Amino acid sequence: MASYQMNTPKSGNLSTPARPTCPNSISKVRVIIRVRPFLPSEIFSRNGNPLSCVSVLDDSSQEVTVHLKDQDTSRNECYKLDNFFGQEDYNVNQIFQREVSPLIPGVCHGCNATVFAYGATGSGKTYTMQGSEELPGVMPLAMSSILSMCRSTGSTAEISYYEVYMDRCYDLLELKPKEIAVMDDKDGQIHLKGLARVPVNSMAEFSEAFSCAVQRRKVAHTGLNDVSSRSHGVLVISVSTPSKNGSGDFITGKLNLIDLAGNEDNRRTCNEGIRLQESAKINQSLFALSNVVYALNNNQPRVPYRESKLTRILQDSLGGTNRALMVACLNPGEYQESVHTVSLAARSRHVANFVYSAQRRDTTDKIDMEAKLQAWLESKGKTKSNKKVGALGSPFFSRTPSSVKSTKKVDTWQRSAKAKAVSKQWISDLAERPQNVPDSNLVQNGGLVDPVMK
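Heads up: the sequence shown begins at 1 in full-length UniProt numbering, then just goes up one per residue.
Hints listed in this document are in silico derivations from the structure and should not be mistaken for laboratory results.
Careful: at least some of the hints might be erroneous.
Unchecked claim - In silico BS3-like pairs for lysine-lysine, Cα to Cα no more than 27 Å straight-line:
| # | residue 1 | residue 2 |
| --- | --- | --- |
| 1 | 254 | 178 |
| 2 | 193 | 254 |
| 3 | 218 | 281 |
| 4 | 178 | 281 |
| 5 | 281 | 176 |
| 6 | 80 | 28 |
| 7 | 309 | 193 |
| 8 | 254 | 218 |
| 9 | 176 | 193 |
| 10 | 69 | 80 |
| 11 | 218 | 178 |
| 12 | 218 | 193 |
No experiment lies behind these values; they were computed from the predicted model shown.
Given the sequences, and given the hints that come with them, work out the whole structure.
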């Protein structure tokens with residue numbers, strides 16, 4: 001089959017590398033490829049000479065052309081992505097230094113960012129995000145960098161860790177994982193009610209809390225993987241930085257680090273019972289993710305974020321307000337799985353996020369809330385016009401000129417005196433009214449009638 005390339009927008013925003021600044025701007029989802037090494041068992045099964053189905057045709061500073069070739073059928077495809085990391089064992093640290101590290105200063109200035117690993121089961125996602133004691137992954141590397149920055153800026157850091165298992169969210173920092181609710185806050189952003197937040201001041205404290213949480217995450221043996229994640233794992237690092245205006249307020253940014261469970265072919269994994277149910281939920285959530293990406297790419301009026309808990313959690317990262325980095329993980333010996341992964345990754349590269357700092361977000365929220373309050377008052381009849389609402393809260397209407405005050409007093413006194421005179425006349429006439437006048441005479445045509453005047 002002849003090779004082809006995915007159509008990508010020609011805008012330069014797609015190809016620019018990640019930057020450490022945090023401007024109020026439109027930011028495309030940045031997509032990179034990580035190819036894991038062949039495992040010893042895979043090398044043995046291929047007679048010691050395995051051939052990778054993944055390679056790079058064009059490796060420039062702006063974007064790369066990833067080439068996928070099936071060694072059995074010679075089928076091949078090409079995709080344009082942002083960066084490529086090969087089979088070297090140490091490339092996780094390279095990914096962090098070149099792609100994740102530039103996001104951290106923005107988090108300390110009140111911006112939100114998300115890094116998530118996507119790929120088929122056994123493609124190295126958990127290794128990329130968690131790593132090992134000898135070679136730490138993105139999560140511990142990010143925590144170490146944030147703590148170092150906190151010491152120099154006076155910021156404080158907290159962590160949360162939860163999993164999405166069978167389309168339900170569970171807090172893993174609790175001794176007994178408890179279910180937490182996914183809700184929308186007043187700004188339409190995702191909020192997990194009841195999620196624990198643990199302060200972290202050192203890597204020792206982080207390692208203790210993180211290792212306990214990881215042990216509580218659902219894993220199991222499958223036909224393709226000895227230790228397979230049965231849930232999506234999410235580490236949230238919150239950074240609170242003192243405001244520079246001296247008000248004593250804090251600006252908060254969040255870094256979401258997500259290890260997605262892998263898509264599974266149950267014909268190969270031989271899953272049964274609960275494993276089969278878990279696999280079905282994982283595949284459904286990843287299918288919902290592909291639907292969201294498809295809807296965003298085609299500018300559909302409705303984006304199906306609510307099809308799964310996973311897509312709701314990623315809502316701020318896909319078409320939302322977070323900077324986003326997608327790490328597409330590949331098994332070099334699986335062509336068809338690689339095609340599915342890279343195809344979605346290439347489409348995700350077109351998704352635009354609207355990023356702004358916490359300072360601007362606070363100002364915008366205040367204006368929006370004032371507008372909502374005014375609209376609500378008008379809808380309830382609490383106010384007749386915008387001018388009246390402005391008079392209540394504006395300093396320009398808080399003072400009334402003395403001439404106006406005196407005029408109001410005279411007018412009020414005249415109306416009061418006239419009302420008293422009319423009231424006395426009414427009482428006097430009512431006392432002189434004949435007593436045998438029936439009450440029915442007081443009403444004509446649905447209105448009150450003054451019998452004395454009549």
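Outcome of the hint check:
Under the criterion of a C-alpha separation no larger than 27 Å, the hint pairing residue 254 with residue 178 is consistent with the structure, at around 22 Å. Restraint check: the Cα-Cα separation between residue 193 and residue 254 comes to about 16 Å, which is no more than 27 Å; the hinted pair holds. Distance check on the hinted pair: residue 218 and residue 281 sit about 13 Å apart at the alpha-carbon level, within 27 Å; holds. Taking the CA atoms of residue 178 and residue 281, the gap is near 19 Å; set against the 27 Å cutoff, the hint holds.
For the given pair, residue 281 sits about 22 Å from residue 176 by alpha-carbon distance, which is consistent with the 27 Å threshold. Among the hinted pairs, residue 80 with residue 28 is consistent with the structure: their alpha-carbon atoms are about 14 Å apart, no more than 27 Å. Of the pairs offered as hints, the one joining residue 309 and residue 193 holds, with about 14 Å between alpha carbons and a cut-off of 27 Å not exceeded. Distance check on the hinted pair: residue 254 and residue 218 sit about 25 Å apart at the alpha-carbon level, within 27 Å; holds.
Pair hint residue 176 plus residue 193 holds up; C-alpha atoms about 17 Å apart against a cutoff of 27 Å. The suggested pairing of residue 69 with residue 80 holds, with an alpha-carbon distance near 15 Å, which does not exceed 27 Å. Restraint check for residue 218 and residue 178: the C-alpha separation of about 13 Å stays at or below 27 Å, so the hint holds. For the given pair, residue 218 sits about 21 Å from residue 193 by alpha-carbon distance, which is consistent with the 27 Å threshold.
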